[in-house]
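Novice: Residue numbers (my numbering), protein chains in the order written: chain A, 1 to 114; chain B, 115 to 227.
Errors might be hidden in some of the hints.
PhoX-like mimics (lysine-lysine), calculated; alpha carbons at most 25 Å apart, straight line [stated by the list, open to error]:
id: 1; chain 1: A; residue 1: K18; chain 2: A; residue 2: K53
id: 2; chain 1: A; residue 1: K71; chain 2: A; residue 2: K18
id: 3; chain 1: A; residue 1: K13; chain 2: B; residue 2: K156
id: 4; chain 1: A; residue 1: K18; chain 2: A; residue 2: K70
id: 5; chain 1: A; residue 1: K57; chain 2: B; residue 2: K219
id: 6; chain 1: A; residue 1: K57; chain 2: A; residue 2: K70
id: 7; chain 1: B; residue 1: K214; chain 2: A; residue 2: K70
id: 8; chain 1: A; residue 1: K3; chain 2: B; residue 2: K214
id: 9; chain 1: B; residue 1: K115; chain 2: A; residue 2: K55
id: 10; chain 1: B; residue 1: K115; chain 2: B; residue 2: K219
id: 11; chain 1: A; residue 1: K53; chain 2: A; residue 2: K3
id: 12; chain 1: B; residue 1: K214; chain 2: A; residue 2: K71
id: 13; chain 1: A; residue 1: K55; chain 2: A; residue 2: K18
id: 14; chain 1: A; residue 1: K70; chain 2: B; residue 2: K182
id: 15; chain 1: A; residue 1: K55; chain 2: A; residue 2: K71
id: 16; chain 1: B; residue 1: K156; chain 2: A; residue 2: K3
id: 17; chain 1: A; residue 1: K53; chain 2: A; residue 2: K71
id: 18; chain 1: A; residue 1: K55; chain 2: B; residue 2: K182
On the chain A side, residues computed to face chain B include the following (Cβ under 8 Å) [unchecked claim]:
id: 19; residue: L43
id: 20; residue: L45
id: 21; residue: G63
id: 22; residue: L90
id: 23; residue: T101
id: 24; residue: E102
id: 25; residue: F104
id: 26; residue: F105
id: 27; residue: G106
id: 28; residue: R110
In short, the hints are calculated from the structure, not lab data. By construction, the Cβ of each residue, glycine as well, lies at the ideal position given by its N, Cα and C atoms.
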Amino acid sequence: DVKVTQSSRYLVKRTGEKVFLECVQDMDHENMFWYRQDPGLGLRLIYFSYDVKMKEKGDIPEGYSVSREKKERFSLILESASTNQTSMYLCASTPSPGFYTEAFFGQGTRLTVV
Amino acid sequence: KQEVTQIPAALSVPEGENLVLNCSFTDSAIYNLQWFRQDPGKGLTSLLLIQSSQREQTSGRLNASLDKSSGRSTLYIAASQPGDSATYLCAVRQTGANSKLTFGKGITLSVRP
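Could you build all of it, start to finish, from the sequences and the hints given here?
Specialist: See the structure below:
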């Protein structure tokens with residue numbers, strides 16, 4: 001059974017803290033993605049990675065950075081958490097584009113910044 | 115820039131009804147289109163994946179169709195049940211070496227007993 005695992009279901013952090021969200025996949029997928037999901041705005045892409053140590057900005061990268069040191073792990077970093085980063089964060093992985101590239105998601109991390 | 119639209123944002127139907135959820139996209143240069151289900155506070159669960167060369171896919175009571183040239187997909191749910199209540203999202207994957215997924219905002223379905 002394929003699996004994408006996010007390290008936490010719920011997190012509460014203080015304004016100004018550095019926050020790490022971890023995502024691990026066991027499918028040997030090349031591509032990994034971080035989205036945030038907010039009511040009325042849908043899923044918005046923050047960053048994605050198409051290979052180890054490679055990354056590209058998505059639609060809303062400001063205030064975030066990412067790290068992909070190993071193929072199976074993609075980390076999202078909030079350098080200095082702010083209240084407007086309170087959101088649901090979703091990680092996904094897919095194989096490289098080809099014939100069958102189904103995307104799989106983790107269970108989500110609900111982050112609250114106070 | 116690819117845009118994916120799902121209308122309406124919410125839908126309420128009585129149990130047993132057959133229903134169709136719509137998804138439209140602006141750029142037909144896609145690898146595939148995927149339908150997901152999301153329960154409140156949870157992640158996304160993949161329902162069906164349609165490759166760009168395919169017209170439809172079926173899984174149980176679900177059938178998804180794709181008309182790439184017109185930029186449309188539909189998810190058909192037969193004999194709806196209260197357990198089908200959830201948000202349904204469609205996403206398209208662009209062609210290109212480092213393609214990404216673009217999502218619609220979803221349709222929140224409520225099936226009344």
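Novice: Taking the numbered hints from earlier one at a time, note which ones the structure violates and give those numbers from smallest to largest.
Specialist: Hints 14, 18 and 21 are the ones this structure does not satisfy, whereas the remaining hints hold.
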